[in-house]
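**Student:** Sequence:
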Amino acid sequence: MTGVNDEDEQKAATEGTTTELDEDVTESDQSPEADSAADTADEEGEEPVAERPRPTPYPRSTPPRPRRGGRGRRAVGRTLLGLLSAVALAATGYAYSTVDDLRDNVNTTDALGQQDERRSPPADDGANDILLVGTDARTDMEGNPLPPAVLRTLRTEGKAGINTDTLILLRIPRNGGKPAAVSIPRDSWVAVPDGGNRKINAPYGIAKSAAAQRLRAAGETDRAKIERESDQAGRKALVQTVQDLTQIRVDHYAEVNLLGFYLMTEALGGVKVCLKHATVDKDSGASFRAGPQVVDGGEALAFVRQRKNLPRGDLDRIQRQQAFLASALHKVLSAGTLTDTDKLGRLTDALRRSLVLDRDLDLLSFAEQVRDVATGEMEFRTIPVVAVGARSQDGQSIIEVDLAEVRRFIGSLAGRDNPPASTPSPTSGTTPDTQEDSGGGGAPGGRQPTDPITVDGVPCVN
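First residue of the sequence shown? That's 280 in the working numbering, and the numbers climb one at a time after it.
No wet-lab data here; the hints were simulated from the structure. All C-beta atoms in this analysis are idealised placements derived from N, C-alpha and C, irrespective of residue type, glycine included. Do not take every clue at face value.
[Said to hold, decoys possible] What follows is a list of derived Cβ distance ranges for each label pair: (1) P472 / E499: 16 to 24 Å; (2) A496 / S566: 40 to 48 Å; (3) A497 / H556: 52 to 60 Å; (4) K561 / K504: 20 to 28 Å.
[Claimed, not checked] Computed list of lysine-lysine pairs in BS3-like fashion (alpha-carbon distance at most 30 Å, straight line): (5) K610 / K622; (6) K555 / K610; (7) K561 / K587.
Please construct the entire structure, taking both the sequences and the accompanying hints into account.
**Tutor:** Structure below.
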């Protein structure tokens, strides 16, 4: 793998002009009546996303104006950046009163405390495991729809559903071993809590929609309460799904939404990336030259979102996410960021607006556990897959995984090489696609679809 390690961070001139995020808008472009399941299908061949309850309009106190505009659609690969940005603030002692204020005001969830203990894997699995989630919700942290001005800046559409576009399991071995950030492809075909098999990006939205419907049927009219409690149901279902897949107890949870990713990349002043080839994708808004370049805001969204016109489709998108995060974390933990109080202040504001943590995750304690990240000791990995481009019985394009192989791989990252007994694969009932495997698929027993990426330098990717 080639890489770029120079420190030149001058960004090439971007097209277009800055779009104001604080435009006075109080209504969404779409009325509730205009939404339908067909309109909210995430991508061709995928099941529609779950309906999202319609909250009150986005308030006038919208986010601060970014310095640059950009291209892009939905954000993925953002939660680790948000969490480590918070850790950077804590680890440097930056305005301890500010860190305390962040801890006191960040949104929290009790999704872990609501898990069925009888169904959960053992807690002592050799590592501290943090589930990092990036959603494609077009709302703020109170559930208010993002105004049209913001959606236009992000080059995304209003959508009444929610999917989890990014799932990363951060494993920090308790024996002092090398930490790993393990991506779980969003199209992985797995067993879900409500029965049957679905893509792993679906349980959150399905459980959220069902909970919202139950609350409304019971006479609840408080939109904020419906939003809060249905989000909890979605997170609970997602955590259970990941635990069932990996047989790993999720110790902590962190979530960032689309707007948060945009604000954090803007606060950093852009992130250096490198592409092996020039690429253009009209659907995601991607238009990049080959070689090193700096992206932020909408351009960063396009960089981590594109999967069309890539040799291996979703697996190349995952590797882009990992390369982007490696570069971003390198910058977050660099002296240039840690000594820039203005930049740290903007990061704090972005985190306060967009981060959700479980109630027991203490930033200062967590900072002590991830010091190796600053020295490039953390690897980005992807779970082994059996086949890419398979088809479910209802025609969805999916990624097949083997439970035993996934569990063996995850366990090995904490020095545990003896996986639980093999159980029937959750990918049963699928058929291979006749098209060429898009990379990483087809190997008996599963395989690693991408080479590991570390937090040193800027790796060049497809």
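**Student:** Evaluate each hint against the coordinates.
**Tutor:** Hints and how they fare:
1. P472 / E499: 16 to 24 Å: Given range 16 to 24 Å: holds, Cβ gap about 22 Å.
2. A496 / S566: 40 to 48 Å: holds (47 Å)
3. A497 / H556: 52 to 60 Å: holds (54 Å)
4. K561 / K504: 20 to 28 Å: violated (41 Å)
5. K610 / K622: holds (11 Å)
6. K555 / K610: The given pair, whose Cα atoms are some 21 Å apart, holds under the 30 Å limit.
7. K561 / K587: holds (9 Å)
Hint check: a violation occurs at hint 4 only; the rest are consistent with the structure.
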